[in-house]
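Participant: Chains as they are written, first to last, in the UniProt record's numbering: chain A, 1 to 570; chain B, 1 to 570.
No lab work stands behind these hints: they were computed from the structure. What you are looking at is a predicted structure, and each value in this text was computed from that prediction instead of being measured. Do not rely on the hints blindly, as some may be mistaken.
Since copy identity is lost for identical chains, a pair holds within one copy or between any two.
In the DSBU-like style, the derived pairs of lysine-lysine whose C-alpha atoms are separated by at most 35 Å in a straight line are [said to hold, decoys possible]:
hint: 1; residue 1: K67; residue 2: K434
hint: 2; residue 1: K112; residue 2: K490
hint: 3; residue 1: K240; residue 2: K112
hint: 4; residue 1: K67; residue 2: K240
hint: 5; residue 1: K67; residue 2: K245
Given next are the chains, with one letter for each unit.
Number of protein chains: 2
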Amino acid sequence: MYSPRSIGVLLIAALPRPVMCLWPQPQTISTGSVALRLSTNFAIQPPMASSPVDLMDAISRTESFLKNDKLERLVVGRGAADADAVAGARVLSSLRLELGGDISPTAALSLKSITDDARALLESRNEAYSLQIPADGSAAVLRANSSLGLFRGLTTFSQLWYWAGGVVYTIEAPISINDSPAYPYRGFMLDTARNFFPVPDILRTLDAMSWVKMSTLHWHISDSQSFPLEVPGFMEISEKGAYSKSSVYTPIDVQNVVDYAGSRGIDILVEIDTPGHSSIISASHPEFVACAVASPWAVNAAGNPLQPRPTLLSEPPSGQLRLATPAVVNFTAELFSAVAGLFPSTMLSTGGDEVNNACYANDPETQAALNATGQTVTQALNTFVNTMHDALRSRNKTPVVWEEMLLDYGVTLNNDTIIMVWISSQNAASVAQKGFRFIHAASDYFYLDCGAGEWLGNDVSGNSWCAPFKTWQHSYTFNPTENLAEDEAKLVLGGQHLLWTEQSSPANLDSITWPRAAASAEVFWSGAGRDLDSALPRLHDLGYRMVQRGVQAIKLQPEWCALRPGACDD
Amino acid sequence: MYSPRSIGVLLIAALPRPVMCLWPQPQTISTGSVALRLSTNFAIQPPMASSPVDLMDAISRTESFLKNDKLERLVVGRGAADADAVAGARVLSSLRLELGGDISPTAALSLKSITDDARALLESRNEAYSLQIPADGSAAVLRANSSLGLFRGLTTFSQLWYWAGGVVYTIEAPISINDSPAYPYRGFMLDTARNFFPVPDILRTLDAMSWVKMSTLHWHISDSQSFPLEVPGFMEISEKGAYSKSSVYTPIDVQNVVDYAGSRGIDILVEIDTPGHSSIISASHPEFVACAVASPWAVNAAGNPLQPRPTLLSEPPSGQLRLATPAVVNFTAELFSAVAGLFPSTMLSTGGDEVNNACYANDPETQAALNATGQTVTQALNTFVNTMHDALRSRNKTPVVWEEMLLDYGVTLNNDTIIMVWISSQNAASVAQKGFRFIHAASDYFYLDCGAGEWLGNDVSGNSWCAPFKTWQHSYTFNPTENLAEDEAKLVLGGQHLLWTEQSSPANLDSITWPRAAASAEVFWSGAGRDLDSALPRLHDLGYRMVQRGVQAIKLQPEWCALRPGACDD
Numbered sequence: 001m002y003s004p005r006s007i008g009v010l011l012i013a014a015l016p017r018p019v020m021c022l023w024p025q026p027q028t029i030s031t032g033s034v035a036l037r038l039s040t041n042f043a044i045q046p047p048m049a050s051s052p053v054d055l056m057d058a059i060s061r062t063e064s065f066l067k068n069d070k071l072e073r074l075v076v077g078r079g080a081a082d083a084d085a086v087a088g089a090r091v092l093s094s095l096r097l098e099l100g101g102d103i104s105p106t107a108a109l110s111l112k113s114i115t116d117d118a119r120a121l122l123e124s125r126n127e128a129y130s131l132q133i134p135a136d137g138s139a140a141v142l143r144a145n146s147s148l149g150l151f152r153g154l155t156t157f158s159q160l161w162y163w164a165g166g167v168v169y170t171i172e173a174p175i176s177i178n179d180s181p182a183y184p185y186r187g188f189m190l191d192t193a194r195n196f197f198p199v200p201d202i203l204r205t206l207d208a209m210s211w212v213k214m215s216t217l218h219w220h221i222s223d224s225q226s227f228p229l230e231v232p233g234f235m236e237i238s239e240k241g242a243y244s245k246s247s248v249y250t251p252i253d254v255q256n257v258v259d260y261a262g263s264r265g266i267d268i269l270v271e272i273d274t275p276g277h278s279s280i281i282s283a284s285h286p287e288f289v290a291c292a293v294a295s296p297w298a299v300n301a302a303g304n305p306l307q308p309r310p311t312l313l314s315e316p317p318s319g320q321l322r323l324a325t326p327a328v329v330n331f332t333a334e335l336f337s338a339v340a341g342l343f344p345s346t347m348l349s350t351g352g353d354e355v356n357n358a359c360y361a362n363d364p365e366t367q368a369a370l371n372a373t374g375q376t377v378t379q380a381l382n383t384f385v386n387t388m389h390d391a392l393r394s395r396n397k398t399p400v401v402w403e404e405m406l407l408d409y410g411v412t413l414n415n416d417t418i419i420m421v422w423i424s425s426q427n428a429a430s431v432a433q434k435g436f437r438f439i440h441a442a443s444d445y446f447y448l449d450c451g452a453g454e455w456l457g458n459d460v461s462g463n464s465w466c467a468p469f470k471t472w473q474h475s476y477t478f479n480p481t482e483n484l485a486e487d488e489a490k491l492v493l494g495g496q497h498l499l500w501t502e503q504s505s506p507a508n509l510d511s512i513t514w515p516r517a518a519a520s521a522e523v524f525w526s527g528a529g530r531d532l533d534s535a536l537p538r539l540h541d542l543g544y545r546m547v548q549r550g551v552q553a554i555k556l557q558p559e560w561c562a563l564r565p566g567a568c569d570d
Numbered sequence: 001m002y003s004p005r006s007i008g009v010l011l012i013a014a015l016p017r018p019v020m021c022l023w024p025q026p027q028t029i030s031t032g033s034v035a036l037r038l039s040t041n042f043a044i045q046p047p048m049a050s051s052p053v054d055l056m057d058a059i060s061r062t063e064s065f066l067k068n069d070k071l072e073r074l075v076v077g078r079g080a081a082d083a084d085a086v087a088g089a090r091v092l093s094s095l096r097l098e099l100g101g102d103i104s105p106t107a108a109l110s111l112k113s114i115t116d117d118a119r120a121l122l123e124s125r126n127e128a129y130s131l132q133i134p135a136d137g138s139a140a141v142l143r144a145n146s147s148l149g150l151f152r153g154l155t156t157f158s159q160l161w162y163w164a165g166g167v168v169y170t171i172e173a174p175i176s177i178n179d180s181p182a183y184p185y186r187g188f189m190l191d192t193a194r195n196f197f198p199v200p201d202i203l204r205t206l207d208a209m210s211w212v213k214m215s216t217l218h219w220h221i222s223d224s225q226s227f228p229l230e231v232p233g234f235m236e237i238s239e240k241g242a243y244s245k246s247s248v249y250t251p252i253d254v255q256n257v258v259d260y261a262g263s264r265g266i267d268i269l270v271e272i273d274t275p276g277h278s279s280i281i282s283a284s285h286p287e288f289v290a291c292a293v294a295s296p297w298a299v300n301a302a303g304n305p306l307q308p309r310p311t312l313l314s315e316p317p318s319g320q321l322r323l324a325t326p327a328v329v330n331f332t333a334e335l336f337s338a339v340a341g342l343f344p345s346t347m348l349s350t351g352g353d354e355v356n357n358a359c360y361a362n363d364p365e366t367q368a369a370l371n372a373t374g375q376t377v378t379q380a381l382n383t384f385v386n387t388m389h390d391a392l393r394s395r396n397k398t399p400v401v402w403e404e405m406l407l408d409y410g411v412t413l414n415n416d417t418i419i420m421v422w423i424s425s426q427n428a429a430s431v432a433q434k435g436f437r438f439i440h441a442a443s444d445y446f447y448l449d450c451g452a453g454e455w456l457g458n459d460v461s462g463n464s465w466c467a468p469f470k471t472w473q474h475s476y477t478f479n480p481t482e483n484l485a486e487d488e489a490k491l492v493l494g495g496q497h498l499l500w501t502e503q504s505s506p507a508n509l510d511s512i513t514w515p516r517a518a519a520s521a522e523v524f525w526s527g528a529g530r531d532l533d534s535a536l537p538r539l540h541d542l543g544y545r546m547v548q549r550g551v552q553a554i555k556l557q558p559e560w561c562a563l564r565p566g567a568c569d570d
């Protein structure tokens, strides 16, 4: 004979457990078990009569997602079991946006836009919000102290709802969320130099990034292979160095991308990689680039492969800026100053990875320039980098560099410089020990291109240098403060997934990036140490939602598994 | 002082070498160095007044490709250097299709369609053609003895032309090609059971396949996770076993796919995998399936992982047909008979891989059925398989099975059976030694899913079982007759790339498949031992052309490399 209680337990065990479909997971969330449906006239009320335009746009997009996502619950039966509860559910008619108590009425009148908030200094941004959804149908309330916080809350709100038979609903009301990010920098890096990506592909990526509350697009806009950015005053670089007349980003394109990003809570950290990874500048300024002709990639003058390979050549084509030549230093500093004028972020990256010493050692012009001043290459590099960084600071930009500048090349960097750790996650501790703020971008956790095979043409057995493939599971277990002392942990600004595009193009931009890159978005929003098992159902939800919104996220498992949380665990 | 000859040599060395952009490479081709442009009124003349409808359609598609491909040569300058030669070039106004001398006037009057040719017995198909393009502007001539041969020639013709400034041209006239395939089976396998693929995705894939002269879509239509095929008389299987009401292939869908394929020279080999990989049939016929409930994947009755894993479980969910139960044998034979009625091919696969002995050993119903007749599992499997195959033969189908049936399970197969070699390319020789015709489908060369990481949910460090990623270069070096004696080599029907879709969906179907799968298309059309260096520029051309035609083939290299053949070799 069963007691009502034991029957209840049996029912709970038999019904598929609801999955709260948020990504990233909020800092605190409490949910009930009451069904609640959205009114067909559901509306979101802005915080004030004349709210910032981009906040109004975000409200419209959110209302559109609520109508069009149509995500059926990923359980056997796709939510059919919810029908009875939903049929009798109370109706939620509105979400009211409110400014928190920290904002005075006067300040509220001059509420900054999402765009302004998103471009503020990293550490100064306020992305916190709270969200209350009562179970009785009375208005839901989203409260924050900034437009950016309200936008993050809207993003959360848009993910709370499932769809069944025309009804948008939750079975977990009441819902109460208090949320804010663990780290301000949650990014994605896109390389638009190895292969070109038209603006619409970048805009679509910005949308996807915003859905997982990413804050920064690191735009690796140029490299040795192409220079697609049209820089006023330096038009010859892209005229000669872009893949074609149409494979360029005009200043208007940049403005569009920057605006689109800003209104979605995303800052754009642009990178012009120097002094290495710059060979293509030789197309317009052959006199500024060493090794571009004299030591082509891995081939000697007779056309035979060099054995052994020259050290430090990373990939074809070789060639890097003649860092010791004063005219090159001036040119590059002016270039950075001009680029700085195109991008409103407080950050800009001068690159700095994989500088090839052998190239300079074998370049007569560089040797002559060094001899003329009695400098070593290291001293010249120091001068070069600091000249660039000073040029940026005079435009109110904080310089960002890849880790070698600090750890390997002996460059003396001002301690405002932000470091990107890429070679190995193990190097984060060395950067922290030197007292620099840094961003996790480690190849062993976050490189999306790894494992797709060797791209050098005639290499039959080759694999990518950073194989194996970085699974979402692997990225998800990353601990941003591993091996860091407490004061060192404060230097972590966040982290990002990265897409190097030797083998990518618009054809696989979405599928190689999503939903995998969402793993780091959650690590750096929610913090480390989250549970893998409960993450997967949420990640399935996110992926299905992305596809519906037009981003081609791949399936991580057979749908059979997605409908049965835990059934396909190892 | 230079002689004219040495100047000529210098010019040849300085100009980018033209790349004949065909894929697969024809058996014989000779080209000149004269420029020739297509007339804006260029037209293709059918072989006779009332040619087969699908041949007329193929002519229209070819004319459309010639207009719309707009492939600029993949060289620095994108063909701008050809402008002068092209401006003064002769104009080609027409391509005349002719039936070869082997076809009598009477036979020509009843010329079979491409569709009929594509569905004929593998060894009986005639795909040969010859193509002559004079340099003087007089009509080009495509000659073949079949509609299918003409179609293959049209496919070649459509790839011969580059585009620059509105002009469609070649700089390699005259062109003479004689061509026919090395093997009749050149395929691609798509698994539509792990994740579902709507019909438009399959149609797009058929187009791409036809562009590289593939002859067969191996449609792995069902598996343990889902059964999307609506089979008349067996509707309950898909009603209960498809992922949703809309995730099904209706008989009309199948007819559309089959027709679309046929008109593009493609036969469809459908597979219903049995007796393993069939767990989902338990949703409609629980009494027919062993282990689906009693021994779920890797979990014991208390919900704890089984350690060690039961042997032979390949992936969740477990469950396979009760092969010793007479009602199951009859049911499955009737199912195959009904499926055979939906597909016009002369071939049909009964699957047969990864049969789990432990499942049958622990299934009381199977043990009872075996005891009732005094059979071993092997004897029961033998009866099961041969009953299925007899049912197929009575519908004029040649059965196809995975290799274990022949090599591992001790099943006595009729020697008309076609074997799919998948576990290892090394097993081809064992199949050949037993005298069976076979298809290369080896995981170590042709599995497109390998290297994309573990898909079991909570496995942090796992990789795919068949890692590393199979690069196009690796697949391209496959030798279909390695380790085979001369008479054994005759048993090779061809081969294929395969896409298992645990982590694939429409989102990455194109990008995971193309252009990689073109590597096997060339190996099995052109024959083994082709040159990797000269293949890559042609493969770039193909990939760029595919994107223009709407198939999202990925870039294999930075565009910088694609424009400079050989510059990014290892």
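Participant: Taking the earlier hints as the rules, which of them does this structure contradict?
Facilitator: 1, 3
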